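Assemble chain B onto chain F, guided by the hints.
Protein chains in written order, with this note's numbering: chain F, 1 to 524; chain B, 525 to 1048.
In short, the hints are calculated from the structure, not lab data.
Only a predicted model underlies this, so the values are computations on that prediction, with no experimental measurement involved.
Be careful, since some hints might not be right.
Straight line, CA to CA, 25 Å or less: simulated PhoX-like cross-link-like pairs of lysine-lysine [said to hold, decoys possible]:
(1) K83(F) x K301(F)
(2) K476(F) x K759(B)
(3) K720(B) x K196(F)
(4) K235(F) x K1000(B)
Computed footprint of chain F on chain B; a stretch qualifies when at least three of its residues, placed anywhere within it, have a C-beta under 8 Å from a C-beta of chain F [stated by the list, open to error]:
(5) 705-714
(6) 737-749
(7) 758-765
C-beta atoms are modelled at their ideal positions from N, C-alpha and C, and glycine is treated no differently.
2 protein chains.
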Amino acid sequence: MTKYGDIQTRREFLHSIGNIGGSAAVYQAMISMGLLMPGDATGAELRDKWAAKSSQISGDIKPTVAVLGAGIAGLCAGYELKKAGFPVFIVEARQRPGGRNHTLRSGAIVHEVDSQQSCTFDDEEELYFNAGPARISQHHTNLLKYCRELKVPLQALVNDNRGAYIHDSAAFGGIPVRAREVITAVRGNITELLAKAINANALDGDIGIDERSFVLDVLRDYGNLNHNFEFIGSKRGGILSGTGGLMPSQSSEPLKLDDFFFDTSVPFRINFGESYNQAATMMQPVGGMDRIAYAFANELKQELYYGVEVTAMRRAGSRVRLEGRTNASEGAIEVDYAIVAMPPSVIKNIPNDFSLLTRNAIAAAEYAKPIKIAFQSPRFWETEEEIYGGISWTDAEILQIWYPSGGFGQEKGIIIGSYLFDGFHAENFANLSIEARKEFTLAAGEKVHSQYRENLSRGISVAWNKVPYSLGGWVKSAPSSILQKPDGPFLFAGDHLTYLHGWQEGAVISGFNALNNLLDIMGV
Amino acid sequence: MTKYGDIQTRREFLHSIGNIGGSAAVYQAMISMGLLMPGDATGAELRDKWAAKSSQISGDIKPTVAVLGAGIAGLCAGYELKKAGFPVFIVEARQRPGGRNHTLRSGAIVHEVDSQQSCTFDDEEELYFNAGPARISQHHTNLLKYCRELKVPLQALVNDNRGAYIHDSAAFGGIPVRAREVITAVRGNITELLAKAINANALDGDIGIDERSFVLDVLRDYGNLNHNFEFIGSKRGGILSGTGGLMPSQSSEPLKLDDFFFDTSVPFRINFGESYNQAATMMQPVGGMDRIAYAFANELKQELYYGVEVTAMRRAGSRVRLEGRTNASEGAIEVDYAIVAMPPSVIKNIPNDFSLLTRNAIAAAEYAKPIKIAFQSPRFWETEEEIYGGISWTDAEILQIWYPSGGFGQEKGIIIGSYLFDGFHAENFANLSIEARKEFTLAAGEKVHSQYRENLSRGISVAWNKVPYSLGGWVKSAPSSILQKPDGPFLFAGDHLTYLHGWQEGAVISGFNALNNLLDIMGV
Chain F
1 MTKYGDIQTR REFLHSIGNI GGSAAVYQAM ISMGLLMPGD ATGAELRDKW
51 AAKSSQISGD IKPTVAVLGA GIAGLCAGYE LKKAGFPVFI VEARQRPGGR
101 NHTLRSGAIV HEVDSQQSCT FDDEEELYFN AGPARISQHH TNLLKYCREL
151 KVPLQALVND NRGAYIHDSA AFGGIPVRAR EVITAVRGNI TELLAKAINA
201 NALDGDIGID ERSFVLDVLR DYGNLNHNFE FIGSKRGGIL SGTGGLMPSQ
251 SSEPLKLDDF FFDTSVPFRI NFGESYNQAA TMMQPVGGMD RIAYAFANEL
301 KQELYYGVEV TAMRRAGSRV RLEGRTNASE GAIEVDYAIV AMPPSVIKNI
351 PNDFSLLTRN AIAAAEYAKP IKIAFQSPRF WETEEEIYGG ISWTDAEILQ
401 IWYPSGGFGQ EKGIIIGSYL FDGFHAENFA NLSIEARKEF TLAAGEKVHS
451 QYRENLSRGI SVAWNKVPYS LGGWVKSAPS SILQKPDGPF LFAGDHLTYL
501 HGWQEGAVIS GFNALNNLLD IMGV
Chain B
525 MTKYGDIQTR REFLHSIGNI GGSAAVYQAM ISMGLLMPGD ATGAELRDKW
575 AAKSSQISGD IKPTVAVLGA GIAGLCAGYE LKKAGFPVFI VEARQRPGGR
625 NHTLRSGAIV HEVDSQQSCT FDDEEELYFN AGPARISQHH TNLLKYCREL
675 KVPLQALVND NRGAYIHDSA AFGGIPVRAR EVITAVRGNI TELLAKAINA
725 NALDGDIGID ERSFVLDVLR DYGNLNHNFE FIGSKRGGIL SGTGGLMPSQ
775 SSEPLKLDDF FFDTSVPFRI NFGESYNQAA TMMQPVGGMD RIAYAFANEL
825 KQELYYGVEV TAMRRAGSRV RLEGRTNASE GAIEVDYAIV AMPPSVIKNI
875 PNDFSLLTRN AIAAAEYAKP IKIAFQSPRF WETEEEIYGG ISWTDAEILQ
925 IWYPSGGFGQ EKGIIIGSYL FDGFHAENFA NLSIEARKEF TLAAGEKVHS
975 QYRENLSRGI SVAWNKVPYS LGGWVKSAPS SILQKPDGPF LFAGDHLTYL
1025 HGWQEGAVIS GFNALNNLLD IMGV
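Here chain F stands alone, though its shape is the one from the complex (with noise of 0.2 Å):
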């Protein structure tokens, strides 16, 4: 509306290549133009060239190949390799697959390098807590082939809520305010300004005359401005309690946004769901992410090694040497070509025959120490506050409480007390012991939820930076195009090669990247 001038120029431009529109138009604008980047590969494709590539080779001379770590990008590399009929195995520290991607119900436990703790939650299919990824995009498209591939059931998952609190310490005097009641007053304030711009002239180089009327009338919808555009308030932000039944609804009284938008960091947590990544629609898998895993898991349970600890990569030749330990033994073993999915801050510390540009890139990739801690608990959110999943937001130490998106109406569910993704509080929060990380959350969280003490129980949390094989949540540097490539033998896969780190889809993608590569250095 601002962009091409005079409104002659604007819309004359407009209607010339009005044919086509939106990002449908760019898109095929940029592929006509050669200006488009090559896709990331796409799980179909790459099946087919590994098909091809299996009937090329046969049976007994097809390399071998070994995928160190059970994660979602290990799990996918497998998976493919054993559907194209190659010799492969994956080796896994832990007792189970998934990696970083790890629920805890009933009866799971939580290392750390210094503690351990069992989940003491009781044991129903809804109580359950992601304590890794819990969100998948609707975008995220390979991830999501694969749970319709192995029919992993998926729900929404509700990420933005209006009903849920923001509570800002220095605001609305600190009491928690709902969502919904915010983002309607910062949107009405920012159109009556607008519009009342726009009445003083002050915009008439970017809206003409015969414009205006057109843009109040949007403008006016758009904050749900009186009609002399003023925001008043608006039923949107919540409606007064007893009315909207056998009598007219009537809007609550508007926030008064002065010590939002001056005092503090909060209004930058309303922009959160507008997220390309954490849009609606989200999704979960029905009864805990690990399902994922497990439906993964379910297809390789011949080629899948609990329990074993790689000790070191070294090259054999133009082979890759393998050693490692289980509880009761060491050995080691040769093959054709390792696909390391482990994350960098694992790797950094087993002997390996990498390259230097590889090992340096290996320990620049610096890792996220993020938190998480749940507890059981009646569902007081919904009966007493209405609020059916999403997240709140807090200036306190704890950042986030999730509610969860699953079994609505149940006695009882798993409420996330606090998600820090990094940084001074999530490294005293790891630092605490794991009773007083529980008080830790207690005390602030009871600053949005009063009824916090008196229904909270069975705490259990995570520091990933303390978790043995994980070292930490994801990286916060951008991925590295060294490990992005073969180096020799070595293959590497994991979130952290993508622009899509801490999310599973950028596992899938560099899994994908990973068996491409492996393609190529196989040759034809």
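Showing chain B alone in chain F's frame:
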């Protein structure tokens, strides 16, 4: 931010009330000032009152109540009366409970006054079509309490999907664009314009020089503007294909909004998901909305009589004489009270002894004529277009396309091909033959989804104004205060008595109102 004169005054005022804030503060303030109107009766209070009443009257002299109509209002009233130990029966003309709460699945029948359809969907759990109400808001507390009590499993309903389409034949070259593209561009443009006005000192009276940088920071984040406060595109609106995995994500070209703002009515659609009753979190029962109706009916097996059409509602002294018929016979019965839980569109055709005031109120109720049509289809919207649930909006005659919020990743799904609330297109649709309705829907819908004809089949439609015992969707006028009160031994119930017409929560509130009125007229 613009409401309290100069900065000094405004902030002082805010800080003076700053110890409490938000709607909680307003609510408390209104209670203390005596301004708050009485809330709608809650179920728990009502149940207590009825239990007390029950204990005052011995079993054999408890009055008998007939409930006419087994929609949600009638079911709710009957359920509470039974729970209180009063003799009650419910008569229902159809062979099923729920009224407009009607879920179509394999074998279901749609009756209209001049046609009959049988649902030929495959017999699978997720292949259902909520032909009537399809959404529950998280603040529809009374209905949700029944879902909890009757153990009806609920799941999130995706109402606002940023990946669904906005299709505007007069904008963007008539090509459907993603909701995220439109919403992001609108936010970006509005925010850029406002920032420009602020930087041009056009709003100095509203935003002081000391506040400016705070406000501009908030705006930059809100609209995702660049460092010069220009909206040049945002990843929120989408990213270029092939980016964001192994390569950095690149935002897609922002939409040009000129045509959208100036030539069409569609811009108003993007605000749909902001409204109080439509904003996240929205819910639905797993497997179909009629799970609620059947859960009530399951508790009323002895009290519920299907296939009984009421043919007259007469007075017999201070009591009620009901006449009715079944397929096989006719009859009459006398009871103490009747709760008439049928829509006015139906009541007005039944001979009765209501007062003139009541009859006039019933005659004045004008009904909307909504239509819906659904088809079974492979889930191409998921596999080919990355759309999981939600609604696409179009200015074509069908207005809306709904994608299922359940069964993500399954092979088949039910897509709602059109949902028109009322008006010309809806009436036109209702008057088409059953076959012509399908063609009408496919012809309009393929402007949004080119895959329509090759995939959609087994279409089934409902034009609510032509459905016997409903004869419309919801009342368009304000609820009648006359009908909210008893007329002798007659009480009325139904969503039409509330400002939540068309919502099941309204039906429940109306049921509570009838029961409260009944307590009053029964006296102590």
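Hint by hint, here is what the structure shows:
no.	hint	in the structure
1	K83(F) x K301(F)	holds, 13 Å
2	K476(F) x K759(B)	holds, 19 Å
3	K720(B) x K196(F)	holds, 13 Å
4	K235(F) x K1000(B)	holds, 19 Å
5	705-714	holds (count 7)
6	737-749	holds (count 7)
7	758-765	holds (count 7)
Of the numbered hints given earlier, the model fails none.
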